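*Asks:* Sequence:
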Amino acid sequence: MPAWRALRIKARTRGERSRLGLEARLIGRDEELALMEQTLRRVEGEGRPALLTVVGPAGVGKSRLVSELERHVEALPQTFYWRRGRCLAYGNTSYSALADAIKAQCEIFEDDPAETVLRKADAAVRELFGDGGVAPQIRALVGAGEILGSSREDLFDAWRRFLERMAARYPLVLVLDDLHWADDGLLDFIEHVADWAQGPILIVATARPELLDRRPNWGGGKRNAASISLEPLSEDEGGTMLDELLSSPMPPELRRAIVERSEGNPLFVEEIVRKLIDDGVLRATGPSRWEVARSVEAVEIPRSVQALIAARLDGLPEDEKAIVQDAAVVGRVFWLGAVAELAGRDPEEVREALGRLRVKDLVVPHEPSSFSDEREFSFRHNLIRDGAYDSLPKSLRAEKHTGVARWAERRAGDRAEEIAELIATHLLEALRYVEELGEVGAGPVELRERTFRWTLAAGERTSALWLRREANRWFREAERLADELGLGPEDRVRLARAHVHASWGADGIGETERVVRRALAVFEELADPVGTGWAHAQLVPPLLMQGHDDDAEREGRLAIEILEPLGEREELADATHTLGWYLWRRGRSAEAEPLLRRAVSMAERVGSRLVAAESTQSLAVCLAQMGRSEEALGTMERAYRLAKETRDFANLMRCYNNLPSVLSDLASDFGRALAVLEEGLEAARRAGARGHLGWLTGSHGDVLFRLGRLREAEADQREAIELARAVGDEPLIGMRLSGLAIALLYQGRLEEAEEAHLASVPIIRANPEPQSWVYVPLIEGYLALARRRDEEAVRGFERTIEMLEAFTFDAAPEAVTDLVRLLLRAGRRDEAAAHRALADRGRSPAARANAAVVDGLLAPEAEAAADLLRGAVDTFDAIGMRIDAARARVDLARAEARGGDDPRPTLDAARRMLSDCHAGAFLHEVDEALAATPP
16 MPAWRALRIK ARTRGERSRL GLEARLIGRD EELALMEQTL RRVEGEGRPA
66 LLTVVGPAGV GKSRLVSELE RHVEALPQTF YWRRGRCLAY GNTSYSALAD
116 AIKAQCEIFE DDPAETVLRK ADAAVRELFG DGGVAPQIRA LVGAGEILGS
166 SREDLFDAWR RFLERMAARY PLVLVLDDLH WADDGLLDFI EHVADWAQGP
216 ILIVATARPE LLDRRPNWGG GKRNAASISL EPLSEDEGGT MLDELLSSPM
266 PPELRRAIVE RSEGNPLFVE EIVRKLIDDG VLRATGPSRW EVARSVEAVE
316 IPRSVQALIA ARLDGLPEDE KAIVQDAAVV GRVFWLGAVA ELAGRDPEEV
366 REALGRLRVK DLVVPHEPSS FSDEREFSFR HNLIRDGAYD SLPKSLRAEK
416 HTGVARWAER RAGDRAEEIA ELIATHLLEA LRYVEELGEV GAGPVELRER
466 TFRWTLAAGE RTSALWLRRE ANRWFREAER LADELGLGPE DRVRLARAHV
516 HASWGADGIG ETERVVRRAL AVFEELADPV GTGWAHAQLV PPLLMQGHDD
566 DAEREGRLAI EILEPLGERE ELADATHTLG WYLWRRGRSA EAEPLLRRAV
616 SMAERVGSRL VAAESTQSLA VCLAQMGRSE EALGTMERAY RLAKETRDFA
666 NLMRCYNNLP SVLSDLASDF GRALAVLEEG LEAARRAGAR GHLGWLTGSH
716 GDVLFRLGRL REAEADQREA IELARAVGDE PLIGMRLSGL AIALLYQGRL
766 EEAEEAHLAS VPIIRANPEP QSWVYVPLIE GYLALARRRD EEAVRGFERT
816 IEMLEAFTFD AAPEAVTDLV RLLLRAGRRD EAAAHRALAD RGRSPAARAN
866 AAVVDGLLAP EAEAAADLLR GAVDTFDAIG MRIDAARARV DLARAEARGG
916 DDPRPTLDAA RRMLSDCHAG AFLHEVDEAL AATPP
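Here the working numbering = 1-based position in the sequence shown + 15.
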């Protein structure tokens with residue numbers, strides 16, 4: 016008979032042991048707890064994730080409410096995973112609360128050697144997946160081995176899938192405490208899981224209201240997200256809680272004073288009672304029963320919970336107060352060994368002191384400990400930790416923080432880089448107090464040098480995990496220290512390159528420019544030509560995005576000039592690509608092409624596959640702008656393959672956007688364009704990449720527009736605008752407002768279309784790219800055409816054609832067609848005929864069909880005109896351009912009427928197609944053609 020031994024209760028991996036002494040039943044939170052239990056049942060029953068955020072001020076009972084949910088889960092007959100992690104007020108490591116939960120699942124201790132962590136992480140992945148596919152991303156999270164350069168999207172996808180596999184085995188409750196202290200990456204990941212995860216996963220987050228200051232829309236718009244806002248208890252509820260804590264009556268005056276002073280804060284009520292016990296006002300008469308032991312007339316109740324905690328701490332014996340102060344330096348969670356080392360006392364003495372502090376409900380044990388051979392504790396509430404820290408004299412704080420950093424570095428061993436942020440935080444705090452106290456000598460210099468090493472390491476780790484804002488903050492600290500220390504070239508070069516990389520997407524384009532210029536100054540001071548050229552090239556994108564075109568081009572050319580004499584290398588290939596990229600973005604494709612070709616070939620020769628892939632895609636777009644259809648298509652297909660092979664997420668996302676654009680404009684292959692876009696959209700959604708989602712959603716709308724699916728196109732453009740606004744992508748906002756304007760215009764909703772167009776113009780003017788700018792006069796032409804302002808419409812179409820001369824006629828061949836229609840309607844046949852040659856400039860099937868329409872309109876013989884227009888109708892039908900097909904049918908009907916045939920069947924078909932597409936702007940063309948038909 017097999018025998019089993021219980022190793023641990025799955026639902027209690029990492030948590031506080033129950034408190035000794037005072038604890039009332041949950042008061043005044045019945046509805047909130049019922050909502051949590053109901054949500055858990057729905058998550059389990061429907062197999063779908065949910066996000067519950069419990070929000071409230073300190074001490075209002077967030078943790079207690081979660082503890083009640085944990086008790087409910089433990090009482091259920093079915094098995095759940097209960098995993099918990101905490102964000103810290105300072106010393107947070109990257110994605111700290113999530114990393115805690117995943118380490119618990121992998122059974123990783125903080126003092127495990129790196130080799131052991133690798134083995135445990137890989138074993139956990141294989142147990143859940145059957146293979147090691149996501150093991151590198153899990154290792155990156157738990158700090159095992161090197162971070163292998165995965166994209167943020169790859170990391171999020173892998174971590175989400177790990178949670179999904181856990182939930183596929185048992186429903187998962189993931190509790191993340193103190194989310195107001197989380198890094199931005201963790202907040203983004205939680206929303207990513209709420210949006211895209213599958214399976215029974217309940218995320219329970221606790222946070223103070225400050226979270227909503229950082230993320231006002233936290234959880235907003237998600238059907239599976241809810242917030243519980245905990246308000247203070249009412250006076251009646253506060254009185255009931257007090258009665259239950261004591262299990263015996265209290266003098267009415269004292270009871271009323273406690274209830275009124277606590278203002279409904281449960282922690283305040285508990286701390287007042289504990290202070291009365293400490294002062295001997297209350298004494299135990301039995302288990303959980305207390306009575307008043309002396310007169311209460313002289314009892315004073317502090318006016319705030321912070322003052323009350325400070326009074327309790329001041330009343331401790333000196334040895335206990337010193338222990339609690341040392342523990343506060345370590346943090347909300349602390350370890351016996353760390354406190355013993357800081358205190359310089361025997362661990363057994365410290366253990367006994369912590370036992371007495373536990374009885375006084377100041378600290379609680381954590382089981383199991385995150386260290387294999389250390390007892391772990393936490394302060395019962397962060398306010399207690401804050402009060403203990405504040406009571407520590409500043410003259411001791413520098414020494415204590417340095418001691419914590421030394422202990423953490425020694426205990427982490429070969430995994431110290433994983434906790435670089437924790438070590439750096441303690442060293443920065445130590446340095447701050449040293450500077451405040453004005454200490455001089457070798458000690459502060461050595462401390463600065465050590466702090467620089469760890470702030471640099473913290474920046475590199477957070478940057479590798481795509482916590483760009485946090486990395487930027489660490490690198491700024493490292494820069495300050497480097498300047499103060501006058502460090503040598505090796506450290507300054509390493510810092511400069513790392514900071515430039517991290518600055519993208521951190522704190523705005525202006526900050527990126529500042530960081531690059533600082534790096535440039537470092538390389539110039541060191542007379543490093545490679546670094547100098549590289550930095551000049553890095554300035555091009557931020558200058559372009561801020562509209563400083565002349566400066567951007569000058570920096571790009573200077574980069575090549577500096578790097579050229581040094582021979583072929585990755586930096587020169589990249590700089591050459593950057594200048595070519597700038598030129599095609601500004602419509603100067605003929606100048607860009609040779610640079611981009613050179614960048615591709617050089618990158619291939621020096622073995623830089625990433626630069627080769629990026630340059631190939633830029634070359635494809637450049638060729639498309641020049642109207643070289645076959646070459647552009649072939650080059651873009653190659654760029655698409657390279658992007659997939661190199662697994663460069665950002666470049667692949669560009670391909671998912673640019674390949675459909677080329678397929679649509681140059682090949683009129685709308686079916687494949689949609690298929691590629693939908694593949695890209697799925698990848699972007701899975702990764703939670705909102706910026707890329709905005710581009711792809713807008714491009715999806717562009718293709719739908721071409722197919723006559725106007726209502727769907729409108730919805731896509733509106734969604735793209737919201738996504739672009741969410742990430743602050745101004746060029747995309749302008750482009751998508753134009754897309755919305757033309758979708759509305761074709762529906763005949765002219766006022767709405769004009770409003771969107773007018774909103775787009777200043778944005779596009781500030782970011783003058785051909786792909787956006789060409790649609791400004793085109794939309795103005797169509798607005799004027801719809802309002803029968805023919806001369807204004809002619810000017811709009813003519814300005815569009817001028818821009819297409821420098822861009823590609825395949826982008827908007829209808830501009831020539833509608834100009835010819837308009838001129839013929841005005842009786843200006845010679846002018847219309849003068850534009851005939853322009854119709855042949857496009858090469859796509861759509862452009863050729865438009866050219867056939869122009870030929871049909873200009874043909875003097877009705878029969879020849881009808882033949883040409885039937886060919887155009889057939890082409891439009893074949894490629895799915897229903898609105899263009901309908902309008903060509905109207906032209907065909909006019910030719911049929913001229914030749915004596917009945918145009919009504921053709922016009923009826925045109926009306927049906929326009930109505931099906933909701934293209935109300937062109938129904939008048941059917942009515943006018945019908946009115947001109949002889950009876």
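Hints in this document: simulated from the structure, not taken from any laboratory. Predicted, not measured: the structure shown is a model, and the values here were computed from it. Possibly wrong hints are sitting among the right ones.
What the hints assert, rightly or not - Computed cross-link-like contacts, DSS-like style, restricted to lysine-lysine with a CA-CA straight-line distance of at most 25 Å:
#1 K237 / K290
#2 K409 / K336
#3 K336 / K290
#4 K336 / K375
Unchecked claim - Now the in silico label distances, taken between C-beta atoms and shown as ranges:
#5 A605 / R780: 43 to 51 Å
#6 Y105 / R40: 33 to 41 Å
#7 A665 / R844: 49 to 57 Å
#8 D199 / R40: 19 to 27 Å
#9 D361 / E275: 28 to 36 Å
#10 G236 / R624: 33 to 41 Å
#11 R624 / D361: 45 to 53 Å
#12 T131 / E38: 33 to 41 Å
#13 A665 / A879: 30 to 38 Å
Beta carbons: idealized from backbone N, C-alpha and C, even for Gly.
*Asks:* Which numbered hints are broken by the structure, listed smallest first?
*Replies:* 1, 5, 8, 9, 11 and 13
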